[in-house]
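> Take the given structure of chain A and dock chain B to it, following the hints.
Protein chains: 2
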Amino acid sequence: MRKPTIRDVAERAKVSLKTVSRVINNEPSVMQATRARVLHAIAELDYEPDPSARNLRSATAFVIGVAYDNPNPYYIISVQNGVLSACRETGFDLQIHPCDASSPLLVNELCDWMRRSRLAGLVLAPPMSERMELVEALASRGVKLVRIIAAAEDPQDGHPCVFVDDRDAAYEITEHLVQLGHQRIGFLWGGQEHRSSSERYLGYEKALQDYGITLDKHLVVPGDYTFDDGFRGARRLLALRDPPTAIFGSNDEIAAGVLAAAKSVGMNVPYDLSIAGFEDSPFSKQSWPPLTTAKQATEEIARHAARLLIAQLRLDAPEAPVAAVHNHGFVPQLVVRGSTAPMRPRPPPAQDA
Amino acid sequence: MRKPTIRDVAERAKVSLKTVSRVINNEPSVMQATRARVLHAIAELDYEPDPSARNLRSATAFVIGVAYDNPNPYYIISVQNGVLSACRETGFDLQIHPCDASSPLLVNELCDWMRRSRLAGLVLAPPMSERMELVEALASRGVKLVRIIAAAEDPQDGHPCVFVDDRDAAYEITEHLVQLGHQRIGFLWGGQEHRSSSERYLGYEKALQDYGITLDKHLVVPGDYTFDDGFRGARRLLALRDPPTAIFGSNDEIAAGVLAAAKSVGMNVPYDLSIAGFEDSPFSKQSWPPLTTAKQATEEIARHAARLLIAQLRLDAPEAPVAAVHNHGFVPQLVVRGSTAPMRPRPPPAQDA
Chain A
1 MRKPTIRDVA
11 ERAKVSLKTV
21 SRVINNEPSV
31 MQATRARVLH
41 AIAELDYEPD
51 PSARNLRSAT
61 AFVIGVAYDN
71 PNPYYIISVQ
81 NGVLSACRET
91 GFDLQIHPCD
101 ASSPLLVNEL
111 CDWMRRSRLA
121 GLVLAPPMSE
131 RMELVEALAS
141 RGVKLVRIIA
151 AAEDPQDGHP
161 CVFVDDRDAA
171 YEITEHLVQL
181 GHQRIGFLWG
191 GQEHRSSSER
201 YLGYEKALQD
211 YGITLDKHLV
221 VPGDYTFDDG
231 FRGARRLLAL
241 RDPPTAIFGS
251 NDEIAAGVLA
261 AAKSVGMNVP
271 YDLSIAGFED
281 SPFSKQSWPP
291 LTTAKQATEE
301 IARHAARLLI
311 AQLRLDAPEA
321 PVAAVHNHGF
331 VPQLVVRGST
341 APMRPRPPPA
351 QDA
Chain B
1 MRKPTIRDVA
11 ERAKVSLKTV
21 SRVINNEPSV
31 MQATRARVLH
41 AIAELDYEPD
51 PSARNLRSAT
61 AFVIGVAYDN
71 PNPYYIISVQ
81 NGVLSACRET
91 GFDLQIHPCD
101 ASSPLLVNEL
111 CDWMRRSRLA
121 GLVLAPPMSE
131 RMELVEALAS
141 RGVKLVRIIA
151 AAEDPQDGHP
161 CVFVDDRDAA
171 YEITEHLVQL
181 GHQRIGFLWG
191 GQEHRSSSER
201 YLGYEKALQD
211 YGITLDKHLV
221 VPGDYTFDDG
231 FRGARRLLAL
241 RDPPTAIFGS
251 NDEIAAGVLA
261 AAKSVGMNVP
271 YDLSIAGFED
281 SPFSKQSWPP
291 LTTAKQATEE
301 IARHAARLLI
311 AQLRLDAPEA
321 PVAAVHNHGF
331 VPQLVVRGST
341 APMRPRPPPA
351 QDA
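Quick note, the sequences are listed as chains A and B, same order.
Start counting the first sequence at 1; every next residue gets the next number (the UniProt record's numbering).
Start counting the second sequence at 1; every next residue gets the next number (the UniProt record's numbering).
So here's chain A without its partners, still in its complex pose (with noise of 0.2 Å):
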């Protein structure tokens, strides 16, 4: 039996030469349908696409990176599926670099990693897009970057971002919280190096102030990114002569151990305590009662970004379409789910003995 041709699949699906032609290119301009159709065709047919037909890329990898220090897994794998739909979009590819922001030698690092992979620019998650004198000594050295940052307005400094309004989004869950009645709502912080947890206090602080409840610092707790900080922080929270009655946590990660907090000291969520978190991971929706939170859409904001670095890197390849530049904002959207209801009136804190 001959050996099926490009011809044969495109007889078989119904489609152009070219169809066939843009599928096994994987191009991203063939609709869901024909390319189903068309890999079906494919596989009845047994067909291989000859290398020297196919429309191989250049020899030069056009490939990005993403720089991450971050304690949560849900926030980095939403940003790497944001980026690589990117790249999927556009034919690069992504290497992935956790790294420690904390490091002085961090600018090295970097600057040695994209040169020895060869990187044609860089999406920098937050905390190190957030450090202005890292992002100055890149774009110095020349790297093309793209920032995902925290921040109320575009800085328009210069350096392309995609901006998260993030205080706007606390402000609002906090304001939810004392629609419900709450006046003691108890603050746990992500970590101080991340802009977006000082975003989220300032937010609930200015809630607070509009509504004219004075602002206990009691209420208020240091701490990271992370479920043993909520749940230690919580813990310390409850523990007060007068605690408090809602609990907002700086990320979901963070609500999810004031929960079990809650859980563990035999408290009923949202009757005994309301708790909101901020991201809308997968657990908020998965816990028991779900979780209040803010929807941050990581992932669109992530694509943004990598869509934005991408369209930076065309600029300056002279063959390929221009496309405008632009920095975006995102606003993360209140949602309330079970985890928040109404204040119950509490007995007065007990005299002292």
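Source of the hints: derived by calculation from the structure; they are not laboratory data.
All the given hints hold, so there is nothing to weed out.
Copies of the same chain look alike in the list, so a pair counts if it fits in one copy or across any two.
Straight-line C-alpha distance at most 20 Å; calculated SDA-like pairs for lysine to any residue:
(1) Lys217 to Gln192
(2) Lys18 to Glu109
(3) Lys18 to Asn108
(4) Lys285 to Val335
(5) Lys144 to Val107
(6) Lys285 to Arg232
(7) Lys285 to Val265
(8) Lys3 to Val107
(9) Lys3 to Ala137
(10) Lys144 to Gly91
(11) Lys263 to Arg337
(12) Lys3 to Pro104
Frame of chain A, contents of chain B only:
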């Protein structure tokens, strides 16, 4: 003021020049405390390594790839972290490539990717790693690869692998439930294309058989490794006239769905229903009650796979030290937590009206 030199750093940190050089070049042989001292000295002196003095790696990038198709983010991030840790030890970098395991063009896609990005080798995660025709096709094109596979024994088929004995671990979980008095134990499958899921099913089946419990086909539900399939499958089992008193979800995502389903119908876990998962994911520790599961050590498994791959790559480089290349097996360990408890007798099922 003169620019600080590597000698100044060594003096200040009270270490040898060689040690400073090791830290600058990110070599793994420096103790944590020493490394910290050197980094402090570098930061205090504002020392910047001279690129020409740095032990710059060869112009060839040493990059390996991980290809995966898995809906479970924690599994993927653990695989990445394990591979990255082996990369850091050896100076390799990592590209990641999610793909569609069912695509008939997968061999071409992976070969194109490896060629254009000049990858030295590949870690194949399940289910691709378990499709022998894919493995053979890649090997015949000269691709160096190591597979992570579900298998009770070393397949010794000439293709290096790390094998994970899911069957024994699933046997142990089922045995644990039987020993708690459960006779009606539901089983929720993961994706049928994952050998891990059939291995786990076989362990479940064998344990029931060994304990003289007849397998009731109504208690076995197909699905994928997802929360939603766990939720749906559990709702179906709990709606049976004679529902199970325990459910074994074949990974923790599924078990999380079972937990939510049980809570959604007002059941008290573990008293009304025992639930076990598989993986020891963060969710299994963070949920309430925390989940009985099998600790899979995915990160360690992936680290071993990457070490095996890198050792293999170095065998091809005569100047590098030759390491022995051995396949390696892992057995996940039973972890008993709060989601499983002794069976409580139930009223007999209602008679037909």
